[in-house]
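*Asks:* Same order as they appear, the protein sequences are chains A and B. In terms of UniProt numbering, the first sequence has 210 at position 210, counting the first letter as 1, and numbering is strictly consecutive. In terms of UniProt numbering, the second sequence has 40 at position 40, counting the first letter as 1, and numbering is strictly consecutive.
Source of the hints: derived by calculation from the structure; they are not laboratory data. From the three backbone atoms N, C-alpha and C, an ideal C-beta is built for every residue, glycine too. Just so you know, not all the hints are guaranteed correct.
To be verified - The calculated label-pair distances, taken between Cβ atoms and stated as ranges, are:
| no. | chain 1 | residue 1 | chain 2 | residue 2 | range |
| --- | --- | --- | --- | --- | --- |
| 1 | A | S19 | B | H261 | 53 to 61 Å |
| 2 | A | E143 | B | E173 | 45 to 53 Å |
| 3 | A | A72 | B | D145 | 26 to 34 Å |
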Amino acid sequence: MSTLDDLAEGLLQAVRLHSPIPPISARAALTIDDAYAIQLLQVDAWVRDGRRVAGHKVGLTSTAMRRQLGVAQPDFGHLTEDMFFAENTAIRAERFLQPRIEPEIAFVLSRPLRGPGVNVATAIAAVDFILPALEIIDSRIAEWEIGIIDTIADNASSGGVVLGSPPVRPDQVDLRLAGCVLHRNGEVVATGAGGAVLGSPVNALAWLANVLGERGVGLEPGQVVLPGSMTAAVPFDAGDVVTSVVAGLGSVTARLGESA
Amino acid sequence: MKWDVDRAATVLLDCEATRTDRPPITDEWPELDQDTAYAVQDETLRRRLARGERLIGVKLGLTSRAKQLRMNVASPLVAWLTDAMLSPAGVPVPQDRLIHPRVEPELVFVMRERLTGPGVSAAQALAAVDRVYAGAEIIDSRYRDFRFTLPDVVADNASAGAFVLGPVGLSPERLDLTLEAVLVEVDGEVVDSATGAAVQGHPAEALALAANDLARRGHAIEAGQLVLTGGMTDAVPAPPGARVAFHFTNLGSIQLAGGQHAARSDRTS
Chain A
1 MSTLDDLAEG
11 LLQAVRLHSP
21 IPPISARAAL
31 TIDDAYAIQL
41 LQVDAWVRDG
51 RRVAGHKVGL
61 TSTAMRRQLG
71 VAQPDFGHLT
81 EDMFFAENTA
91 IRAERFLQPR
101 IEPEIAFVLS
111 RPLRGPGVNV
121 ATAIAAVDFI
131 LPALEIIDSR
141 IAEWEIGIID
151 TIADNASSGG
161 VVLGSPPVRP
171 DQVDLRLAGC
181 VLHRNGEVVA
191 TGAGGAVLGS
201 PVNALAWLAN
211 VLGERGVGLE
221 PGQVVLPGSM
231 TAAVPFDAGD
241 VVTSVVAGLG
251 SVTARLGESA
Chain B
1 MKWDVDRAAT
11 VLLDCEATRT
21 DRPPITDEWP
31 ELDQDTAYAV
41 QDETLRRRLA
51 RGERLIGVKL
61 GLTSRAKQLR
71 MNVASPLVAW
81 LTDAMLSPAG
91 VPVPQDRLIH
101 PRVEPELVFV
111 MRERLTGPGV
121 SAAQALAAVD
131 RVYAGAEIID
141 SRYRDFRFTL
151 PDVVADNASA
161 GAFVLGPVGL
171 SPERLDLTLE
181 AVLVEVDGEV
191 VDSATGAAVQ
201 GHPAEALALA
211 ANDLARRGHA
221 IEAGQLVLTG
231 GMTDAVPAPP
241 GARVAFHFTN
251 LGSIQLAGGQ
261 HAARSDRTS
């Protein structure tokens, strides 16, 4: 039986060796709490290496994804400073194992937000501004053969973030009905709306604050929250240029460099 | 008995009248090609008009890339709308005249000017539009389990059943239709979302295609007519008891109740 430490080390090593590993759910009988413990062991290791937590992501926010994984709840992961990449600048493909990309809207907080008891009203009140964003998701599990335990243990399949730059105040846009068009190499590959994210991205922010609150963790001013994707994820291969256009928020473009 | 245009039109209209589904016509008439299928569609329209229905516009089918790939076609298809298909807002899905209704959100144009192909561009097409509405199209194939080939669905008037218009008509110059979004709710849960870009890249591209395709068939889109530009998302089932809602960014919401079970004709399956 592998210990939680062993499993966390296996995921860290998958990144170091640039080599995906088999599903960890096949190696041990794990609970959701065990999976989050494995995620936190990796975050602790990153922080010891000098990386700083800059925010969080919420995953499994679409009905379709939750049905696919057979779960009722979303999940969350950690975003560290080094996971943020500049718009329009080639991102090194070697950073990722098997990247995919999805359109999101990012919340940037002006005030601390700590559950339990956070509702939509208190969540919106803590938002400073909103940015269009692209989330690069990645899996340390070979062929993306993930169940709920695998993805939670693997930092909710986080990879990176590209933020657009036009800030919009939360009272300037109806995030639920804001449309999003995702272009990959000039072709429309997906469309969606903010409401695809738990009915509204604000619901995902409130959910995150409440589940972190149960663990004694609060969201801090300046932190970024990615509430979940507005469409299904699409491939993000070396050389790809992907743009998300969001009604009322402008656009954001991510480029993955050619492999070295 | 030998198949021809008349027989195919009779069979499809009978299926509709008796609420009976059937296997694809091409199972028995594999020679049915697209031009002949359009002749069947036109014959069903002629008979609808002869019984007193009025032609009020056209609909496009297969405007999403996903559906085109599934059906292995490169362009959408065009079919006829009559006043008998118009369902008032707030009225449940008319189960008593449908077989297995499914519903999909659409962007609907009301034409200000006549639009005649060939050679119509999306910009010219949009300039001929008076208002844009949200729409809920209730599609209802006469084929069992919605199993059909392209000629089958062309002959079957592109699965036209009924449709409902949204509450507000806006001038198209006020809207970026590529970003006009819809949220699809079933039983209060968001199950899908999309924008107008899912319809041929822009619904005006679908409108231009319709005008150009109809020109080939000797028709124009007339001033005052409606054009249903095609499903923005996959259709969701609308059986009795269903609760479906489409919420659009600027064009309002459409609520559709599945309505009551209706007595249905005997059918073989």
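*Asks:* Now tell me if each hint is right for this structure.
*Replies:* Outcome of the hint check:
1. Under the hint 53 to 61 Å, the C-beta atoms of S19/A and H261/B, about 57 Å apart, fit the expected range.
2. Between E143/A and E173/B the beta carbons are some 48 Å apart, a value that agrees with the proposed interval 45 to 53 Å.
3. For the pair A72/A and D145/B, the beta carbons lie near 31 Å from each other, so the given range of 26 to 34 Å is met.
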